[in-house]
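Undergrad: So you can see what is in the structure, the chains are spelled out below.
Number of protein chains: 2
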Amino acid sequence: MDTSTIRALTFDVFGTVVDWRNSIIEEGKRLEVEWGIEVDWARFADQWRGGYEPAMAQVRNGELPWTTIDRLHRMILDDLLDRHDITGLSEGQKDYLNRVWHRLSPWPDAVEGLERVRNHFIVASLSNGNVSLLTNMAKHAGLPWDCVLSAEFSKRYKPDPEVYTTAVELLGLQADQVMMVAAHEHDLRGAQAVGMKTAYVSRPEEFGSGRAQDVLYGLPSFDLFATDFLDLSEKLGV
Amino acid sequence: MDTSTIRALTFDVFGTVVDWRNSIIEEGKRLEVEWGIEVDWARFADQWRGGYEPAMAQVRNGELPWTTIDRLHRMILDDLLDRHDITGLSEGQKDYLNRVWHRLSPWPDAVEGLERVRNHFIVASLSNGNVSLLTNMAKHAGLPWDCVLSAEFSKRYKPDPEVYTTAVELLGLQADQVMMVAAHEHDLRGAQAVGMKTAYVSRPEEFGSGRAQDVLYGLPSFDLFATDFLDLSEKLGV
Chain G
-1 MDTSTIRALT FDVFGTVVDW RNSIIEEGKR LEVEWGIEVD WARFADQWRG
49 GYEPAMAQVR NGELPWTTID RLHRMILDDL LDRHDITGLS EGQKDYLNRV
99 WHRLSPWPDA VEGLERVRNH FIVASLSNGN VSLLTNMAKH AGLPWDCVLS
149 AEFSKRYKPD PEVYTTAVEL LGLQADQVMM VAAHEHDLRG AQAVGMKTAY
199 VSRPEEFGSG RAQDVLYGLP SFDLFATDFL DLSEKLGV
Chain X
-1 MDTSTIRALT FDVFGTVVDW RNSIIEEGKR LEVEWGIEVD WARFADQWRG
49 GYEPAMAQVR NGELPWTTID RLHRMILDDL LDRHDITGLS EGQKDYLNRV
99 WHRLSPWPDA VEGLERVRNH FIVASLSNGN VSLLTNMAKH AGLPWDCVLS
149 AEFSKRYKPD PEVYTTAVEL LGLQADQVMM VAAHEHDLRG AQAVGMKTAY
199 VSRPEEFGSG RAQDVLYGLP SFDLFATDFL DLSEKLGV
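So the protein sequences, as listed, match chains G and X. According to this note's numbering, the first sequence is numbered sequentially starting from -1. According to this note's numbering, the second sequence is numbered sequentially starting from -1.
Hints are computed from structural coordinates only; laboratory data are not their basis. One should not assume that every hint holds.
To be verified - Below, in silico cross-link-like pairs of lysine-lysine (DSBU-like), each with a Cα-Cα straight-line distance of 35 Å or less:
id	chain 1	residue 1	chain 2	residue 2
1	G	K137	X	K137
2	G	K137	X	K233
3	X	K153	G	K137
4	X	K137	G	K153
5	X	K92	X	K27
6	X	K137	G	K233
Unchecked claim - Here are the simulated distance ranges between beta carbons:
id	chain 1	residue 1	chain 2	residue 2	range
7	X	W64	G	N117	29 to 37 Å
8	X	V31	G	T1	27 to 35 Å
9	X	E32	G	G60	52 to 60 Å
10	X	V31	G	W64	47 to 55 Å
11	X	E113	G	E89	32 to 40 Å
12	X	H118	G	E89	23 to 31 Å
13	G	T225	X	Q45	53 to 61 Å
All figures in this text were calculated on a predicted structure; none of them were measured in a lab. Ideal Cβ positions, reconstructed from N, Cα and C, are used throughout, including at glycine.
My request is simple: use the sequences and hints to build the entire structure.
TA: Structure (structure tokens):
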């Protein structure tokens, strides 16, 4: 594709930049020893993430007022702790566990890939995560954002159009000067709907081995397909 | 002071981090040669900056709807070009000149000072500049923000309280966990009014030699005074 008009790349974060599932499993195993609790952390991680779309839907349809992901994660966590019969955690421990989402680790190619494209484009997050979550995560994982953009600025969740149009406006650009990068089709469809360019990056391990849910077969209506961020950088010609 | 409760530092940008006056003079001299125009750039810079507070006041008192600094800068610039009898610039040239505010250079100690404090605190801009201006400037000047915070998020201008409270909320912190750093008393008073900590950094050359306007004599009601960002880092004990 002709990339000469593109000035900025905006990245989905959970699953696209960071490996939430293995990060939670690893931290969980560490806490298991430290706190003396026993959990199937892979299942726990999947259930935690599984509660995310329904919780955002409650905000989207007005059942809940605007609520940050930190708060939604905590609501889901409190419910999960009950369901897994994990009792006796202090408020401080629950808060610490909830903030595991601030401490997720990047996919192996992510930081180097971001550094490469950053030499040529404005590079920003565009995540449903709140600003403090994304800021702490960037510091933890060394993600070199030029700026942190979040659904929090429009108080709407992707794929609602306001999230994308607000980001484009904050960047001072036209929609077709900004390329959304994500491992999820619905996110790219949302960006496409407001006129942004789109790059699909495949993350087949996001939901664990053999459980890829968002790998596309054919139907190439996005501007660019990449196997990881290094491939993205090459396909962008930088 | 006891800095153990501070988690984030928010920085005023124009005058505190970057030397707007000499940056405009230097770029102006370059454009003078390239574009064949003749201007007293020191006077031009002072007048441009001088139009800034009155323009923000028009937004504050409702004469103008929310208008970004990029647009305010351009309104002032168009007026100044008239007053200086500079004619014949194309729209592209005017836009380029207006975006000199995206290309300002940091004070000599700024980048190293920010890097030092960034190892211990969240480090963010908190400027009346719009997000794209601050993002482009950070890239140009190598300012290592953990996140870009701007008056644009509250659509109010400092020292209105909403700018500070919105920043504190986006950082996910309490007001007294955030320290505002600025070379201007009115900015720190605004931060103080919402309960933030305050650090005054002296920038006696901001308005040109011998024209220091915001150097404080006595009245030490701020939490910390520093001569530059390296001194700030030392006074914060990091």
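Undergrad: Cβ-Cβ distance between X:H118 and G:E89: within 23 to 31 Å?
TA: Hint holds: Cβ distance 26 Å, inside 23 to 31 Å.
Undergrad: Return holds or violated for the Cβ distance of X:W64 and G:N117 against the range 29 to 37 Å.
TA: 34 Å, holds
Undergrad: Compare the distance between the alpha carbons of G:K137 and X:K233 with 35 Å, and conclude whether the hinted pair is satisfied.
TA: 23 Å, holds
Undergrad: Could you check the hint for me, namely that X:E32 and G:G60 are 52 to 60 Å apart, CB to CB?
TA: Since the Cβ atoms of X:E32 and G:G60 sit about 56 Å apart, the hinted range of 52 to 60 Å holds.
Undergrad: Next pair to validate is X:K92 with X:K27; report whether the Cα-Cα distance is within 35 Å.
TA: Answer holds: X:K92 to X:K27 is near 15 Å, not above 35 Å.
Undergrad: Under the criterion that the straight-line Cα-Cα distance not exceed 35 Å, is the pair X:K137, G:K233 satisfied?
TA: Holds, at roughly 23 Å.
Undergrad: Going straight from one Cα to the other, do G:K137 and X:K137 come out at no more than 35 Å?
TA: 17 Å, holds
Undergrad: Range hint 32 to 40 Å: satisfied by the CB atoms of X:E113 and G:E89?
TA: Hint holds: Cβ distance 35 Å, inside 32 to 40 Å.
Undergrad: Does the Cβ pair X:V31, G:W64 satisfy 47 to 55 Å?
TA: 52 Å, holds
Undergrad: X:K137 and G:K153 were given as a pair; does the straight-line alpha-carbon distance stay at or below 35 Å?
TA: 27 Å, holds
Undergrad: Do the beta carbons of G:T225 and X:Q45 sit within 53 to 61 Å of each other?
TA: 54 Å, holds
Undergrad: X:V31 and G:T1, beta-carbon distance inside 27 to 35 Å?
TA: Check passed, 33 Å falls within 27 to 35 Å.
Of the numbered hints given earlier, the model fails none.
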